[in-house]
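Peer 1: In terms of our numbering, the sequence shown has 137 at position 137, counting the first letter as 1, and numbering is strictly consecutive.
Just so you know, these hints were derived from the structure itself, not from any lab.
Hints are not guaranteed to be accurate.
[Said to hold, decoys possible] Across the chosen pairs, the derived CB separations fall in these ranges:
{"#": "1", "residue 1": "A114", "residue 2": "K33", "range": "13 to 23 Å"}
{"#": "2", "residue 1": "N180", "residue 2": "T80", "range": "14 to 24 Å"}
{"#": "3", "residue 1": "D146", "residue 2": "C17", "range": "46 to 56 Å"}
[Stated by the list, open to error] Below are the DSSO-like pairs computed for lysine-lysine, each with C-alpha atoms no more than 30 Å apart in a straight line:
{"#": "4", "residue 1": "K171", "residue 2": "K53"}
{"#": "5", "residue 1": "K98", "residue 2": "K35"}
{"#": "6", "residue 1": "K98", "residue 2": "K38"}
{"#": "7", "residue 1": "K171", "residue 2": "K38"}
{"#": "8", "residue 1": "K171", "residue 2": "K33"}
{"#": "9", "residue 1": "K170", "residue 2": "K35"}
{"#": "10", "residue 1": "K53", "residue 2": "K33"}
{"#": "11", "residue 1": "K35", "residue 2": "K149"}
{"#": "12", "residue 1": "K149", "residue 2": "K170"}
{"#": "13", "residue 1": "K53", "residue 2": "K170"}
{"#": "14", "residue 1": "K171", "residue 2": "K35"}
{"#": "15", "residue 1": "K170", "residue 2": "K98"}
{"#": "16", "residue 1": "K98", "residue 2": "K53"}
{"#": "17", "residue 1": "K149", "residue 2": "K38"}
{"#": "18", "residue 1": "K149", "residue 2": "K98"}
{"#": "19", "residue 1": "K53", "residue 2": "K38"}
{"#": "20", "residue 1": "K53", "residue 2": "K35"}
{"#": "21", "residue 1": "K170", "residue 2": "K38"}
{"#": "22", "residue 1": "K149", "residue 2": "K33"}
{"#": "23", "residue 1": "K170", "residue 2": "K33"}
{"#": "24", "residue 1": "K149", "residue 2": "K171"}
Built from N, CA and C at the ideal position, the CB exists for glycine as well.
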Amino acid sequence: MRTYSCIAILFFLVSSCIPLRIAPDIDDYRVTKGKAFKRVLPEREMFVFEDPKDADQFYNYVDTKYQLNNERVYDDVPFTIGEHQFFFSFYEVEIPDKSLNLLPVVLDIFTNAALGHDEMDPIFSDGDAGFSRVGNWYVAIEVYSDLEKDCLQMNSLSREAVLEYLRTLKKEYLSTHNYNEVVFKN
1 MRTYSCIAIL FFLVSSCIPL RIAPDIDDYR VTKGKAFKRV LPEREMFVFE DPKDADQFYN
61 YVDTKYQLNN ERVYDDVPFT IGEHQFFFSF YEVEIPDKSL NLLPVVLDIF TNAALGHDEM
121 DPIFSDGDAG FSRVGNWYVA IEVYSDLEKD CLQMNSLSRE AVLEYLRTLK KEYLSTHNYN
181 EVVFKN
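Using the sequences plus the hints, can you model the full thing?
Peer 2: Structural data, given as structure tokens:
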């Protein structure tokens, strides 16, 4: 009985997939420090949401909506709320899920040992050393104005109005497929 238990435990350990990094799951949006979300982002507070669309779709949306003609699309995009002028910059970032698949690596080791190879040739693991990655894309937006460096900080005077604007922007982006429609709405 003990032998069967050891074999079963060994089988589950070898065939398991060990998660090394799991990307955050954001239901609607999250306001967080940029550096805390991804190291390459600025230190400011960011409005972050998951982007289910293809790469550069948010870029195309912003370029079309604000009629920027592919100039300064990533930073200093101007918008107004009431009588106040604001600017936003955005970043499309990827945080991949990363896991270690032990079964292909163990099978490669045993197969290469049985064949008498000195070097480990990947047969079952596709040369990825047993790692698998699945990409998750996010859009992170920072907002600032001439009066405030960070309009998403907790103590910012314009925080609520800016959050409402960003929620509307996100909703419009995710629901629009032909970005030229956005120009006619404005």
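Peer 1: If a hint holds in the structure, say so; if it does not, say that too.
Peer 2: Right, here's what the structure says about each hint:
1. Range check, A114 to K33: Cβ separation about 52 Å, and the 13 to 23 Å hint is violated.
2. Take N180 and T80: their Cβ atoms lie about 22 Å apart, and the range 14 to 24 Å holds.
3. For D146 and C17, the Cβ-Cβ distance of about 51 Å falls inside the hinted range of 46 to 56 Å, so the restraint holds.
4. Distance check on the hinted pair: K171 and K53 sit about 13 Å apart at the alpha-carbon level, within 30 Å; holds.
5. Restraint check for K98 and K35: satisfied, since their Cα atoms lie roughly 20 Å apart, inside the 30 Å limit.
6. Distance hint between K98 and K38 is fulfilled; the C-alpha atoms sit about 15 Å from each other, no more than 30 Å.
7. Distance hint between K171 and K38 is fulfilled; the C-alpha atoms sit about 23 Å from each other, no more than 30 Å.
8. Taking the CA atoms of K171 and K33, the gap is about 22 Å. The hint holds against a cut of 30 Å.
9. Taking the CA atoms of K170 and K35, the gap is near 21 Å; set against the 30 Å cutoff, the hint holds.
10. Taking the CA atoms of K53 and K33, the gap is about 24 Å. The hint holds against a cut of 30 Å.
11. For the suggested pair K35 and K149, the alpha carbons sit about 16 Å apart, so the restraint of at most 30 Å is met.
12. Taking the CA atoms of K149 and K170, the gap is near 22 Å; set against the 30 Å cutoff, the hint holds.
13. Simply put, K53 and K170 have alpha-carbon atoms about 12 Å apart, close enough for the 30 Å limit, and the pair holds.
14. For the suggested pair K171 and K35, the alpha carbons sit about 25 Å apart, so the restraint of at most 30 Å is met.
15. Distance restraint check for K170 and K98: the Cα-Cα separation of roughly 27 Å lies within the 30 Å cut-off, and the hinted pair is therefore satisfied.
16. With a C-alpha separation of about 21 Å, the suggested pair K98 and K53 falls inside the 30 Å cut-off, and the hint holds.
17. Only pairs whose Cα atoms come within 30 Å are accepted, and K149 paired with K38 is accepted, the gap being roughly 20 Å.
18. With a C-alpha separation of about 35 Å, the suggested pairing of K149 with K98 is violated against the 30 Å cut-off.
19. Note on K53 and K38: the hinted pairing holds, with a Cα-Cα distance of about 20 Å set against a maximum of 30 Å.
20. Of the supplied pair hints, the one linking K53 and K35 holds, its CA atoms being roughly 24 Å apart against a limit of 30 Å.
21. A C-alpha spacing of about 20 Å is found between K170 and K38, which places the hinted pair at or below 30 Å, so the restraint holds.
22. Our distance criterion of 30 Å between C-alpha atoms is met by K149 and K33, whose separation comes to about 14 Å.
23. Our distance criterion of 30 Å between C-alpha atoms is met by K170 and K33, whose separation comes to about 19 Å.
24. A threshold of 30 Å between alpha carbons decides the hint, and for K149 with K171 the separation of about 25 Å falls inside it, so the pair holds.
The structure shown violates the earlier hints numbered 1, 18.
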